[in-house]
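Novice: The primary structure of each chain is shown beneath.
There are 6 protein chains.
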Amino acid sequence: MKVCRRSTFNAAHRLYRPDWSDEKNTEVFGKCSNPNFHGHNYVLETWVEGDVDPETGYVIDLKILKDLVKVHVSDKFDHANLNLDCKEFEGIIPTAENILMVIYNLLRENLDKRFQLKVKLWETENNVFEYEG
Amino acid sequence: MKVCRRSTFNAAHRLYRPDWSDEKNTEVFGKCSNPNFHGHNYVLETWVEGDVDPETGYVIDLKILKDLVKVHVSDKFDHANLNLDCKEFEGIIPTAENILMVIYNLLRENLDKRFQLKVKLWETENNVFEYEG
Amino acid sequence: MKVCRRSTFNAAHRLYRPDWSDEKNTEVFGKCSNPNFHGHNYVLETWVEGDVDPETGYVIDLKILKDLVKVHVSDKFDHANLNLDCKEFEGIIPTAENILMVIYNLLRENLDKRFQLKVKLWETENNVFEYEG
Amino acid sequence: MKVCRRSTFNAAHRLYRPDWSDEKNTEVFGKCSNPNFHGHNYVLETWVEGDVDPETGYVIDLKILKDLVKVHVSDKFDHANLNLDCKEFEGIIPTAENILMVIYNLLRENLDKRFQLKVKLWETENNVFEYEG
Amino acid sequence: MKVCRRSTFNAAHRLYRPDWSDEKNTEVFGKCSNPNFHGHNYVLETWVEGDVDPETGYVIDLKILKDLVKVHVSDKFDHANLNLDCKEFEGIIPTAENILMVIYNLLRENLDKRFQLKVKLWETENNVFEYEG
Amino acid sequence: MKVCRRSTFNAAHRLYRPDWSDEKNTEVFGKCSNPNFHGHNYVLETWVEGDVDPETGYVIDLKILKDLVKVHVSDKFDHANLNLDCKEFEGIIPTAENILMVIYNLLRENLDKRFQLKVKLWETENNVFEYEG
Numbered sequence: 001m002k003v004c005r006r007s008t009f010n011a012a013h014r015l016y017r018p019d020w021s022d023e024k025n026t027e028v029f030g031k032c033s034n035p036n037f038h039g040h041n042y043v044l045e046t047w048v049e050g051d052v053d054p055e056t057g058y059v060i061d062l063k064i065l066k067d068l069v070k071v072h073v074s075d076k077f078d079h080a081n082l083n084l085d086c087k088e089f090e091g092i093i094p095t096a097e098n099i100l101m102v103i104y105n106l107l108r109e110n111l112d113k114r115f116q117l118k119v120k121l122w123e124t125e126n127n128v129f130e131y132e133g
Numbered sequence: 001m002k003v004c005r006r007s008t009f010n011a012a013h014r015l016y017r018p019d020w021s022d023e024k025n026t027e028v029f030g031k032c033s034n035p036n037f038h039g040h041n042y043v044l045e046t047w048v049e050g051d052v053d054p055e056t057g058y059v060i061d062l063k064i065l066k067d068l069v070k071v072h073v074s075d076k077f078d079h080a081n082l083n084l085d086c087k088e089f090e091g092i093i094p095t096a097e098n099i100l101m102v103i104y105n106l107l108r109e110n111l112d113k114r115f116q117l118k119v120k121l122w123e124t125e126n127n128v129f130e131y132e133g
Numbered sequence: 001m002k003v004c005r006r007s008t009f010n011a012a013h014r015l016y017r018p019d020w021s022d023e024k025n026t027e028v029f030g031k032c033s034n035p036n037f038h039g040h041n042y043v044l045e046t047w048v049e050g051d052v053d054p055e056t057g058y059v060i061d062l063k064i065l066k067d068l069v070k071v072h073v074s075d076k077f078d079h080a081n082l083n084l085d086c087k088e089f090e091g092i093i094p095t096a097e098n099i100l101m102v103i104y105n106l107l108r109e110n111l112d113k114r115f116q117l118k119v120k121l122w123e124t125e126n127n128v129f130e131y132e133g
Numbered sequence: 001m002k003v004c005r006r007s008t009f010n011a012a013h014r015l016y017r018p019d020w021s022d023e024k025n026t027e028v029f030g031k032c033s034n035p036n037f038h039g040h041n042y043v044l045e046t047w048v049e050g051d052v053d054p055e056t057g058y059v060i061d062l063k064i065l066k067d068l069v070k071v072h073v074s075d076k077f078d079h080a081n082l083n084l085d086c087k088e089f090e091g092i093i094p095t096a097e098n099i100l101m102v103i104y105n106l107l108r109e110n111l112d113k114r115f116q117l118k119v120k121l122w123e124t125e126n127n128v129f130e131y132e133g
Numbered sequence: 001m002k003v004c005r006r007s008t009f010n011a012a013h014r015l016y017r018p019d020w021s022d023e024k025n026t027e028v029f030g031k032c033s034n035p036n037f038h039g040h041n042y043v044l045e046t047w048v049e050g051d052v053d054p055e056t057g058y059v060i061d062l063k064i065l066k067d068l069v070k071v072h073v074s075d076k077f078d079h080a081n082l083n084l085d086c087k088e089f090e091g092i093i094p095t096a097e098n099i100l101m102v103i104y105n106l107l108r109e110n111l112d113k114r115f116q117l118k119v120k121l122w123e124t125e126n127n128v129f130e131y132e133g
Numbered sequence: 001m002k003v004c005r006r007s008t009f010n011a012a013h014r015l016y017r018p019d020w021s022d023e024k025n026t027e028v029f030g031k032c033s034n035p036n037f038h039g040h041n042y043v044l045e046t047w048v049e050g051d052v053d054p055e056t057g058y059v060i061d062l063k064i065l066k067d068l069v070k071v072h073v074s075d076k077f078d079h080a081n082l083n084l085d086c087k088e089f090e091g092i093i094p095t096a097e098n099i100l101m102v103i104y105n106l107l108r109e110n111l112d113k114r115f116q117l118k119v120k121l122w123e124t125e126n127n128v129f130e131y132e133g
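These protein sequences, in sequence, are chains A, B, C, D, E and F. Here the first sequence is numbered in the numbering used here, starting from 1 and rising by one per residue. Here the second sequence is numbered in the numbering used here, starting from 1 and rising by one per residue. Here the third sequence is numbered in the numbering used here, starting from 1 and rising by one per residue. Here the fourth sequence is numbered in the numbering used here, starting from 1 and rising by one per residue. Here the fifth sequence is numbered in the numbering used here, starting from 1 and rising by one per residue. Here the sixth sequence is numbered in the numbering used here, starting from 1 and rising by one per residue.
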């Protein structure tokens with residue numbers, strides 16, 4: 001049985017490699033490389049797979065999962081600049097793929113080993129990403 | 001090839017174990033344990049996997065799948081109180097996980113063995129569940 | 001300028017007049033009259049119209065509007081049985097129309113007179129209601 | 001890591017086998033067999049699975065994926081009659097299943113072998129299809 | 001109080017004036033003029049404004065409104081070719097604007113005079129139309 | 001008859017008055033005042049009201065409206081930092097209300113006088129704004 005909690009966070013970011021020239025950054029990342037940043041309403045689905053507890057009928061209490069995502073993801077990234085404010089992205093280009101791997105690792109460390117984890121991220125309504133480790 | 005029919009049903013329920021005290025029920029299930037019930041617009045996706053029939057270009061006629069879900073799920077649970085009205089939940093706490101397993105079993109019994117079945121349930125726009133037996 | 005805060009609450013209800021026979025209730029309200037209740041995920045949009053404050057660029061701080069809706073609507077009706085738990089519906093059939101008028105009045109009393117108010121309610125994805133006093 | 005580009009195309013179609021009588025076509029395909037066609041807003045999700053390039057943080061630049069879908073799918077099928085205008089459906093009944101297999105093959109031929117491909121199609125908001133070869 | 005019933009119908013159409021040359025039709029209507037038609041999943045919202053009946057708590061029983069839309073709109077236009085199958089569009093180019101005026105008139109004739117009527121139509125997720133006579 | 005074109009743009013912004021202390025900015029604007037910015041996927045609906053041209057069946061060709069919004073709104077604000085990159089917001093705090101007034105004025109200047117204009121903006125899925133001059 002898989003259970004999912006949907007959440008959101010709004011952040012600014014910029015795609016940019018400091019070891020590349022501005023020209024190279026613009027060539028590869030286009031307008032996503034704007035030095036003054038742009039931003040998104042990120043939508044995150046956190047999927048946890050495990051057995052249904054016969055006593056409670058829950059895989060995991062979704063209030064616990066909601067709080068886990070809040071503490072380890074939303075509180076860190078909501079209304080933040082991923083490049084400048086978040087140590088989790090030091091040395092990491094905050095593409096959606098990298099954001100999702102960072103989120104996966106933050107949640108994986110804090111989720112009981114008996115659960116499998118999958119995360120899904122909408123950067124825009126047309127660009128979606130999925131990762132399960 | 002996987003094909004899916006989306007459907008909805010609106011129901012009341014309460015999370016509650018009669019072998020627990022009211023205090024224990026409230027501690028575990030919170031406001032979901034309200035003795036007077038609360039309710040949801042449940043959204044169900046029924047996914048059937050199988051080969052495409054070369055003659056019709058269908059895995060299964062979706063009108064047949066629609067009727068199957070109507071007869072075995074919606075007609076039973078729509079505008080019902082899952083705890084009080086539905087024999088399928090006798091002795092079962094109607095958490096979304098348990099609701100989904102009940103639905104899976106009802107559909108599995110009535111779907112040709114050559115098809116694989118997966119069901120997905122939204123209890124709210126933020127809480128989602130998936131089960132494939 | 002109109003500004004809106006979207007929110008949700010999940011509740012059980014039953015359409016029923018005690019001064020009518022069960023037959024009459026069923027004839028008029030159909031399965032919505034089920035004695036054991038059913039329920040919905042209600043989605044509410046609260047629209048406030050007013051001038052943009054030149055100092056803040058806000059009509060009203062949406063955090064204030066969010067809290068207003070939480071205190072006067074969601075905290076009262078979420079995970080409740082509208083017929084049994086809510087004194088606001090004593091003597092009132094909780095049709096979506098009546099729910100929306102009750103919500104309008106609760107918010108209108110607590111919103112500054114300089115603002116106009118409009119509320120919109122989804123009872124299901126296909127049934128929507130709008131009221132502005 | 002899986003990445004997805006969502007796109008749409010609007011097309012007319014008819015479900016019909018020329019080797020069947022009109023009666024048989026109507027019996028099997030119902031109103032979908034209307035000789036004068038009907039149509040849909042198709043929504044397509046194109047999912048590509050691969051490794052994240054450590055240099056760019058991308059699995060594949062989504063602008064490239066967007067263009068791939070535009071050239072090989074949308075430009076061919078948008079505002080078209082799938083039965084009459086599209087050689088891809090010669091001898092093929094344009095059921096959603098067959099449309100999705102045609103789309104899969106068009107994209108598979110034009111996508112680097114190192115990527116896995118999955119496509120998902122909404123024919124209506126209630127009928128969805130998924131295929132991965 | 002305004003109440004709304006949402007519904008859908010899937011149809012083929014073509015924008016074309018027989019008194020114009022093909023060149024003129026293509027110049028004005030672009031790919032919407034494809035002689036072989038294309039199609040859409042139309043989404044219709046039917047809004048009825050009136051007083052809340054103090055006895056039932058309804059403006060109008062939404063089951064009645066649902067049936068009204070089914071009989072006068074969906075049954076006529078669903079899975080149809082608006083240009084070829086529907087006498088309502090004889091001599092009328094089925095632009096979304098004209099479709100909406102036709103729908104408005106069909107519903108207006110069959111709705112009690114004490115109600116005001118407004119209709120809203122999505123031709124695609126990005127193109128929307130609203131009409132109230 | 002009202003017609004609408006839906007569009008999106010992704011931008012960074014910060015709510016901040018330079019004539020206020022950092023403390024005052026934080027007190028009033030909270031985390032929206034983050035000096036390093038945050039961002040949103042803005043969704044814009046542009047509604048134009050006018051008569052239906054009896055010759056074309058259009059109020060306005062939606063391709064024209066689409067281009068108008070692209071040139072005067074999306075091309076300016078998409079992937080931009082509203083505070084730093086956009087001269088339209090010099091001296092203006094980019095609250096959603098102010099963004100919407102700026103957009104209204106940009107479109108109003110470039111839209112034929114015979115049309116009425118209304119704009120609607122989603123900053124998040126829960127915060128919505130509407131303005132008609």
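Among the clues, some could well be false.
Each pair may be met inside one copy or between any two copies, as identical chains are not told apart.
Derived DSS-like pairs (lysine-lysine); straight-line CA-CA distance at most 25 Å [claimed, not checked]: (1) 24 / 118; (2) 31 / 118; (3) 31 / 113; (4) 118 / 76; (5) 120 / 24; (6) 31 / 70.
These are computed hints drawn from the structure, not numbers from a lab.
Novice: Now look at each hint and say whether the structure bears it out.
Specialist: How the hints compare with the structure:
1. 24 / 118: Cα proximity of residue 24 and residue 118: none, with 33 Å in one copy and 31 Å across.
2. 31 / 118: For residue 31 and residue 118, neither the intra-copy (30 Å) nor the inter-copy (28 Å) Cα distance is at most 25 Å.
3. 31 / 113: Cα proximity of residue 31 and residue 113: none, with 40 Å in one copy and 29 Å across.
4. 118 / 76: This pair counts as within: shortest intra-copy Cα distance 19 Å, inter-copy 33 Å.
5. 120 / 24: neither (30 Å within a copy, 34 Å between copies)
6. 31 / 70: Only across copies: residue 31 and residue 70 sit 16 Å apart there, 30 Å inside one copy, limit 25 Å.
Checked against the numbered hints given earlier, this structure breaks hints 1, 2, 3 and 5; the rest are met.
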